[in-house]
Amino acid sequence: MTKNNNKSNRNKQMADDAAAVPSLRKDLLNAKLFMQQSSNDSGDSLYDHLSRVIAKVIDERPINVVDYFELFSERVRMEKFRMNELNDNNAYQEPQRLAIAKRLLPTLIEKSRQQQQQRLSYVNKNEMKSIKANDNSEESSDAAAADDEEKEDEKRSDVIYYEAPAVKDLCELQFYWNLLGIGFPREEIFLLSCAMRKLKMNASIASCRFWGKIFGRSNDYYIVECTLTVDALESRIDAIEKAINIMNLESPNEECAEISNASSEKTVLLAESSQIFTSSSHYDDDMDDNDGNIQEPHMSSYPTAWNFSMKIPETSNQTSIEIPAEEIGHGVNRNVYYVCNNLSDEIWIELPSATPHQINVARRIRNILTGNLDASISSYPSFPGTERNYLRAIIARISAGTHVAPENFYRVGRETLSESVEEFEGENEDEGNNDKPIKVNDSYIPLSIEKLLKLDYWQHIKPEILKQGRVSYFDGQILAKYHNSINDEDEDDGSMDDDEENSIPDVKHNDLFPEMPVPLFASCSGDRLTNDIISPWTIRLNDVLESPLVLLQSNIWPGAFSFVKERICDNIYIGFGHKYSSINYSPPALPQLPMEYPHSEDCEEVNDPTTTMMMMMEENENNEDADEVESLKMSENQ
Amino acid sequence: MNVEYFRENLELISNCGISLTDLEAALIENSLIIVQNDNKLRDIFFIGRINTSSDGSYYYIAFGYKNDILKDRKFFYSLNAYEWIMIPHVKSKLLTIALQARTLFTGDPMNIEMVCMYPTFVDNKEIKTPCPERIKRLKEEDKLACIVHMIMSESAIIPRGVLYRQVTRNITYNPCFKGLNNSEAEELINFQLFRYPLNNQNYNLTKHINYNYQTDFFDTIDDDVPKNNFTHSINDRNLCIIRSLNWPGMTFVHKLNTTHQCFAYFGNGKKSLDVFFTT
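Residue numbers (UniProt numbering), protein chains in the order written: chain H, 1 to 638; chain D, 1 to 279.
Please note: incorrect hints may appear among the correct ones.
Claimed, not checked - Calculated pairs, SDA-like style, for lysine to any residue (alpha carbon to alpha carbon, straight line, at most 25 Å):
1) H:Lys56 x D:Arg165
2) D:Lys93 x H:Ile583
3) D:Lys74 x D:Leu198
4) H:Lys56 x D:Asn174
5) H:Lys579 x H:Glu225
6) H:Lys102 x D:Asn257
7) D:Lys207 x H:Phe72
8) D:Lys178 x H:Ile100
9) D:Lys255 x H:Ala101
10) D:Lys178 x H:Glu94
11) D:Lys227 x H:Gly371
12) H:Lys454 x D:Ser57
13) H:Lys579 x D:Thr106
14) H:Lys565 x D:Thr52
15) H:Lys80 x D:Asn210
16) D:Lys271 x H:Ser379
17) H:Lys579 x D:Gly107
18) H:Lys102 x D:Thr258
19) H:Lys80 x D:Lys178
20) D:Lys74 x D:Ser57
21) H:Lys579 x D:Asn268
22) H:Lys579 x D:Asn228
23) H:Lys56 x D:Asn257
24) D:Lys139 x H:Ser535
25) D:Lys71 x H:Phe69
26) H:Lys579 x D:Leu99
27) D:Lys227 x H:His578
28) H:Lys565 x H:Ser525
29) H:Lys451 x D:Asp55
30) D:Lys139 x D:Thr52
31) H:Lys451 x H:Arg540
32) H:Lys565 x H:Pro446
33) D:Lys227 x H:Asp374
34) D:Lys255 x D:Asn210
35) D:Lys178 x H:Val57
36) D:Lys178 x D:Asp43
37) D:Lys178 x H:Ile58
38) D:Lys255 x H:Asn342
39) D:Lys71 x H:Asn64
40) D:Lys227 x H:Ala375
Derived from the structure by calculation, the hints contain no laboratory data.
Take these sequences, add in the hints, and give me the full structure.
Dropping the structure here:
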């Protein structure tokens, strides 16, 4: 600025020196002086700004700068101020990714070290083998033992290289997904596989598989489906049983009491429980019953006179039989799910088990996840739990609806738990039971492409979730009794669609019978939406590779895909976790207002007495009293 | 996404989980360049892909412009990713009909759908009453035009400063745009809707403290109706990802501090009105 001032002073002098007569030189000088006036606000002058703009244009040589000269000039000004700020602080600015890089690097270094160690261990093993081979002639007895060891080693290493065909490496599967135009960029897959490897180190996890990604408002969830080891399952079941025992000791179970009373109040309970099974929320019962004809018997039974000692309508006790959740390792909770918000954090959080109530409410609401597992869910009907429960319920629904594989790809396996082996064998005859573990069928022969392009050759590999919200049907004792008296005449073998909100049937008709689930491994061609005309699956073929990939896309759950390539088959879900419906979601209507107590004819409304009437009455009473007193006196006198 | 930077943009869009296969990408890139040349367009953009209910086919959508990116747009669709057909003009009376159409696209542009307007529901079950004046005919090509129009006007997003209005009132790309920085990208006010503004210009300008007449006259997404109908996140790799909840499948990705930004739609062409009940 001082330089500028000096300059302007000199110009002034020159202007003074020049003759007082108007001349071109003087006008130019005046104009220049005007332009060099510095602004009071910014301290900058137009002269400086223009010179900077021109210098920048000549430096950078932008094309057609005249078309956007205003913006260009603005940018120059902004840059000038930014430069000033930087100069003032005179500070070095950290790169924005620094924090992430610092966090990520140690795990990456660890990984590269592991790789090196692994390589070294293989190299050493080979060397050992050759040494042993040399020593073989000297110590024959030891060599035999060593040979055995070697064989075992080989077997083990075989296991590493030739895993069961279904449990493929994430990166390999994602490679196929990418060929199909689904999936994530390679950096993300790499981070994901690192994070999953970290998860696998957890001792209680037997195997894990990338399930998919669900979007949230501010964060997304990466979801991994895990099966627990037998030990972990047993210890967890024990822990749960202990907790239940403690609960029972503290408070005697209401359910049991209700069931013992059941024989007397059979019908009442049946009606109640069936309602609970469909909706598990009470106002719906009101709605269903609200046909008008139910109110009438009540009306006739009401007292004709306003006699308080007789009957006041009692509130019926609506304690409900809560359908118990399936224990971990069974049914809906067969697998355990871990979620992660941020792959560079590598923090995996286990989701809690899903309860039937949660699944049922999740079917009736629609919520967009926030990305925070502890966020509360504001919905109507209200959801029992936080976002982690809701997420778990969605995952259960999507898995049941969209996990498919070609025919015979999987077969029924044995229960992993030692206790339940007998149980399993007993249940094997029962066709209605869907709660069986599945296993990759080793004798699966890849189907031809013509067959794979037909829905008949695809089958569901996850059991259907019943309207109860369970996989295996929960029979209350009452229901069992009732069921024995009436054979299941009309099964509702309608939609395979596992959870169609609109298909909740009439309470009275259907749910007194145990639902017959669609058997496990049912063909996909039986699927249909009850309310929509669209076909639930779309099959696509991709023949980039020599053996073509067949892609099955779900229209019921947009974002769910399955693909098969010879002996490789995988399912994935990427989306918001919303089910398709041709009409947009509408929340259930509010419950009807409760009825007032009906007034009978004898009980009429009367106006309240006014003060004058009160006065009159009081006077009358006084008179009567006076009369009475007089009459008393009279009697005394007599 | 601008076809000029097709591969880079595709890489960005693959963050949303669904993108194109290699064959599709190659077909689209090359055929669109030819379309651009045939129609003498300044730029051509690939918008996205709409699923159809028939097996194996999609609608691919693209648009290009000559001078003004909002006014002289030409939309194209294709069923096989290389034969592009111009999308007919939108008739405004068809918009409400298209919004109420309940079936998915069939994959046949000449298919005529009967749309029942304002159906009545009781307990989520439609009451079917024969009411001829309520039933409208809708050709699939027109439906496509309407849906594409709505997708573009309701969910397409650009960062603030990408477009600007020239002195000649033409709206084109701003060569001065250098990308949003982290602090700017955290605020929804710095993302604009890619359409002619519906709000008052002064209202839009005064949202910004340092407003600029050339770039800030667009509607921004922070006060779009309904509120909160965009998810917004910035991830580790300095990518700002915004998804539309109105049109599930519409994703916008901007790599911060660079000029790379694009949006794409991969969905089934149905508007979701659920946002009202989910917050």
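Against the structure, the hints come out as follows:
no., hint, verdict
1, H:Lys56 x D:Arg165, "23 Å, holds"
2, D:Lys93 x H:Ile583, "21 Å, holds"
3, D:Lys74 x D:Leu198, "21 Å, holds"
4, H:Lys56 x D:Asn174, "18 Å, holds"
5, H:Lys579 x H:Glu225, "20 Å, holds"
6, H:Lys102 x D:Asn257, "21 Å, holds"
7, D:Lys207 x H:Phe72, "23 Å, holds"
8, D:Lys178 x H:Ile100, "23 Å, holds"
9, D:Lys255 x H:Ala101, "17 Å, holds"
10, D:Lys178 x H:Glu94, "20 Å, holds"
11, D:Lys227 x H:Gly371, "18 Å, holds"
12, H:Lys454 x D:Ser57, "16 Å, holds"
13, H:Lys579 x D:Thr106, "20 Å, holds"
14, H:Lys565 x D:Thr52, "24 Å, holds"
15, H:Lys80 x D:Asn210, "16 Å, holds"
16, D:Lys271 x H:Ser379, "21 Å, holds"
17, H:Lys579 x D:Gly107, "22 Å, holds"
18, H:Lys102 x D:Thr258, "23 Å, holds"
19, H:Lys80 x D:Lys178, "16 Å, holds"
20, D:Lys74 x D:Ser57, "23 Å, holds"
21, H:Lys579 x D:Asn268, "13 Å, holds"
22, H:Lys579 x D:Asn228, "20 Å, holds"
23, H:Lys56 x D:Asn257, "21 Å, holds"
24, D:Lys139 x H:Ser535, "21 Å, holds"
25, D:Lys71 x H:Phe69, "23 Å, holds"
26, H:Lys579 x D:Leu99, "19 Å, holds"
27, D:Lys227 x H:His578, "19 Å, holds"
28, H:Lys565 x H:Ser525, "20 Å, holds"
29, H:Lys451 x D:Asp55, "15 Å, holds"
30, D:Lys139 x D:Thr52, "15 Å, holds"
31, H:Lys451 x H:Arg540, "13 Å, holds"
32, H:Lys565 x H:Pro446, "8 Å, holds"
33, D:Lys227 x H:Asp374, "23 Å, holds"
34, D:Lys255 x D:Asn210, "23 Å, holds"
35, D:Lys178 x H:Val57, "17 Å, holds"
36, D:Lys178 x D:Asp43, "19 Å, holds"
37, D:Lys178 x H:Ile58, "20 Å, holds"
38, D:Lys255 x H:Asn342, "18 Å, holds"
39, D:Lys71 x H:Asn64, "22 Å, holds"
40, D:Lys227 x H:Ala375, "19 Å, holds"
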